Amino acid sequence: MSVDDALAALPFIVLAGGAVLVGALARWLRADERSWMLLAVVVAFASGVGAALIGGGADGLGGLLRRDGLSVFVVVLAAASAAATALLETAHRAHDARGGARAAALILLCASGVSLMASAGDLAVAAIGLALLSVALAVLARPRHESVRGSLPYAALRRSAIAPLLFAIGSALILADTGSTRIGALASTNTVGQVGIALLLAALAQTMALVPFHVLAPDIDAGAAAPVAGYVAIVGRLGAFALLLRVAAAVTASGNAEADWRASLAVLAAVTMTVGSLVALAAPSARRALVFMAVAQAGVIAIGLASGGAAAPASAFALAVLVVLVGGAFAALQGLAGGDARVEDLRGLARRRPLLVGAFGVLTLGLAGLPPTAGFLAKVYLFEAATDARLAWLVVLGALSMAISAVCAFRVLLACLGESVATVPGRTGVATAVAVAAAALVLLLGLAPGPLRDAVQGVRF
Amino acid sequence: MIVTAIVVVPLLAAFVCAMPVVSRAARPLSVAAGLAVAAIGAAALLGAPDLGAPDLRTSWAPGVGAGYVVAVDPLSAAFLMLLGVVFATGAAASAGVGHRRAYFTLWDLLLALLAGLFIARDLLLFFIFWEACLVPVGILLWAWGGTGRRSATLTLVTRDLLGSASLLVGIVSIAVARGTLDLDAIAARPIPAGVQLLPAILCLGAFASRLPLFPLHGWLPRVYVAATTPLAIVVAGGLATSAAYGIVRVCLAIFPQGMSAAAPVLVALAAVGVLYGALVASRQDDLRRLLAFMSLAQLNLIALALFAATATSLRGAVLATISHGLVIGAALLVAAMIARRTSSFALSRAGGLASSAPALAALFTLTTFAAIGLPGTSGFSGTVVALAGAYERFPAATAVAALVFAVAAVAGLGAVRRAFHGPPLASGAELRWRERLLVVPLLALVVALGVAPRALTDRIGDETLPSVDLGR
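Residue numbers (my numbering), protein chains in the order written: chain F, 1 to 461; chain X, 462 to 933.
Be careful, since some hints might not be right.
Unchecked claim - One-sided and incomplete, this derived list gives chain X residues near chain F with beta-carbon spacing under 8 Å:
(1) L507
(2) T614
(3) V618
In case anyone wonders, no lab produced these hints; they're calculated from the structure. Here the structure is a predicted model, which means the values were calculated and not measured. The beta carbon of each residue, even a glycine, is placed where N, CA and C say it ideally should be.
Could you build all of it, start to finish, from the sequences and the hints given here?
Here it is, written out as C-alpha cells:
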C-alpha cells in the first residue's frame, strides 16, 4: 500500500474508524452522551481538516479511489456537517448514554459512506459507500418510538436498501456490457449499459431526494431531533451529488447517452423544484416546510447537473451554500421549537428569542434564494449556467418555484412575529451559536462570494 | 464615497435604532436619516460636483459580471429627494407606535434599501435592493398593520416575488448575452433590436406588478387599508416610485426598441387602468380605499407616460411620480386625522367636519385639488406634461386617459363634500400644530412644484433620460 493509497483512503478510514471506535468503546466505557458526541465532533473535524490539508493528488488503489477537487470538496463538507450535527446533539440531550453513542457512531458512519462515494473511481466502491450511507441514514432517522428496545425498523431498512440495490443492478448491467466497473467505462456503453446508467440515476436521485424518488428517501420521523433531521437532509445529497458529477463526466465523454442523461436530469429538476416548493407552501409544520424547501433547492442544483460540465462549479457553490443553510436552519428550529412545531405555534417567538428568529429568518429566506444571502448568488450562478446551456425553460421554472419557496419562507418567518403564545425551550445556547454563525456566514458569502467561488473552481468533470 | 453614504447613513441609523439605550431617540433619528437622504439628493440635483460619475467600481460577484457600481444622476437625485421627504414624514407620523426599536430599525433598513435601489448602476445590485425591500415591508405590514394585514402581506409578497422572479430571469439573460451587468457597459453595446421584446417584458413583469399596472393591482387597496398610515405613505412614495424608476432605468434604457414594440398594448392597459382607478374611486366609502384607487389612477397615468416614452412624457412622468408620492402621502395623513376624529375611515360616518375643524377642511381640500389635478398644484403640472408628451405618440389612448380629470374630480370633490359639508354627523377637534407640521411641508412642496415645475424638469437633462426617440 503506497502513500497515495493511504492518503486517498484516509478520510474514510478516520471516519469509519471513529464510528467503530465509538461503537466499541460504548460497550466497555461508562460515559454520558455528551462525551460520545464530543468524540464524534473531534473525529469528524480531524477528518475534514485532514482531507483539506492533504488536498488533491494521485489516485489511490489503482484508480479505485480518486483524490481530486470534487472528492476533497465533498469530504470537507460532509465532515463539517457531521461535526456541526454532533455538536448540536451535545446540547440536545434526548438520548440516554447508549443511544448517544449509537447516534454518534451513525453520524460518523454516514459521513464515511459519503467520503467513499465522493472519492469513488469505481462503481463497486461507490455501491459500498452508498449502501453504508443508506443503511446508516435509515437507522439514524428512524422513528424514535421504535428505538426503545433497540428493535430495527424493518420498513425503513427495507426502503433504505432500494437505492443500493438499484445501484448494484445498474453496475452489474454496465459490467456485463463493458466488462469493467470503472466509472470511466461508462463512456463506452451500449443499450444494456445505458439501462444500467438509468438505474444508477434512479438510485442517486433517491439518495438526493429528487421528486418523485423522494418518497423512497429516508423519512424523518416527527420524533427525530432537529439536528439529525438537518443532517439527513444534507448528507445524502452530498454523496449523490459527487457520484452524479462523476457519472456525468463519463457519460458526457461518450456522447451517445449524453442527451438522454441531461434530459432526464432536466425533467427531474423541473419536477423536483415545482413539487418541492408547492409542498413547502402547503406544509403545516415548520420542519416539513424546511425539508421541502431543501428539496426545491436540490432541484435547483439539479438544474446545474443538467447543464453540463461548465455548470459544475456553480452546482458545487450551491451545494456548499445549501449545506450551511439547511444545517443552520435546522439548528435554529431546534432552538426555537425544540425540533418541530406547527407554523402557527411559532407565534411570539420573535420577541422571546430575537437573535435566534433573526438568524432563522436569514437562513429560511436564504434557502428560498432571497438577496443578499449567498442562496441568492447560488441561484443566480446556476441560472446563468443553465441559460448558457440553452435550458431557459428550466430557468423560468426555477425562478418561479424559488418565488413560491420565498412565499413559504415569508410565511414561516412572519409566523414568528406577534404577541407571545409560544413556549420557548429552555437552553438554546449551542443552537443559537450555530444558527447565528451559519446566518453570518451566509450573509458574508452573499456579500463576498469570492473565496468560496475560488474554492469550487476545482470541482470539475 | 459620498454616494455610498446615501445607503450607509440610513443603515447606521437602523443599527443605532436597534441598540436598546436609544429607543427614545429612534424617531428623531429616523426623521434625520430621511432628511439626510433628501439633502444629498437635493445637493446632487442642484449640481454638486463629483456626484454624477460612478464613484466606486468593484467587481463583486465575478462570473455573472456583477459589480458594486453606484452613482447619482439628476433622475436618481429627484427620486431620492422624494424618498427622503416621504420617509422623514412617515417617521415623524409614527409617534406612539408599539415596539419602537424593532419598528424604526426596519424603517431605516427599508429606507437604506430603497435609497440603494435608486443609486445602483449594476443590474444585480439593483435587483438585490429591489427584492430585499420586501423583507422590511412584509414585516412592517404584518406586525404593525390593522385589519386584514395578514392577507394583505401575503398578497403583496406573493405578487412581488413572482414579478421579481421574472425580472431575475431577464437579468440573467442579459448577463449571459453581455457578460456584464454594469448599466453603462450594457448601454455602450446595445442589445440587437430584434431580440429585445422578450427580455423587456420579463423585466417589466416586476415593475408592472409593483407599480401596479392594471390589471396587476389587486394588492394595492388591501395594503392601503391594512397598513399603518406611515407605511402606506412609504408604499405610495417609495415602493411605487421604485417601480417607475425601474421602468426608466432598466426597461427603457436597455430595451428601447422592445419597449417601443410592446408600447401599444401597454399604453392601452395603462389607459384602462387610469379610468378604472378613477371610476372605482368615486364609488368608495372607505377613505383609504378611495385614496388607493386615486393612487392607482395616477400610477397608471405615470405608466402611460413612461410607455409612450417621448422626451416630454418622460419628464412629465418623473414630475407626476414625485407629485404622486407627495400628494398621496399628504392625503393619507389627512385621512388618518379625519379618522382620528370620527373613529372610522368611512365617509358615511363623517360629515360637516368643516364647521368644527376648518383648518383640517382646508388642508384636505387642498390635497384633493392636488390629487385631481387642479392648476397650481403639482398634480396638474405632472399630469398635463405627461399627457401632452404621450399625446405625440398615442393620441387615442391619451385622450381616453385625459378623462381622468373629470372622473377623479367627481371622486375627490365628492369625498370633500361628504366629509366636511352637509349636516354635522361628527364633530372633531381642530388640528393641533403637530399635525399641521406634518402635512404643511408636503403641501408646500406640492404647490411649489405646481407653480414652478421647470425647476425640476429642466434639471433632468436629455443625457439622463433613455433616448427612446432615437431608437424609434
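Let me make sure I understand: some of the numbered hints might not hold for this structure. Which ones are they, in numerical order? 1
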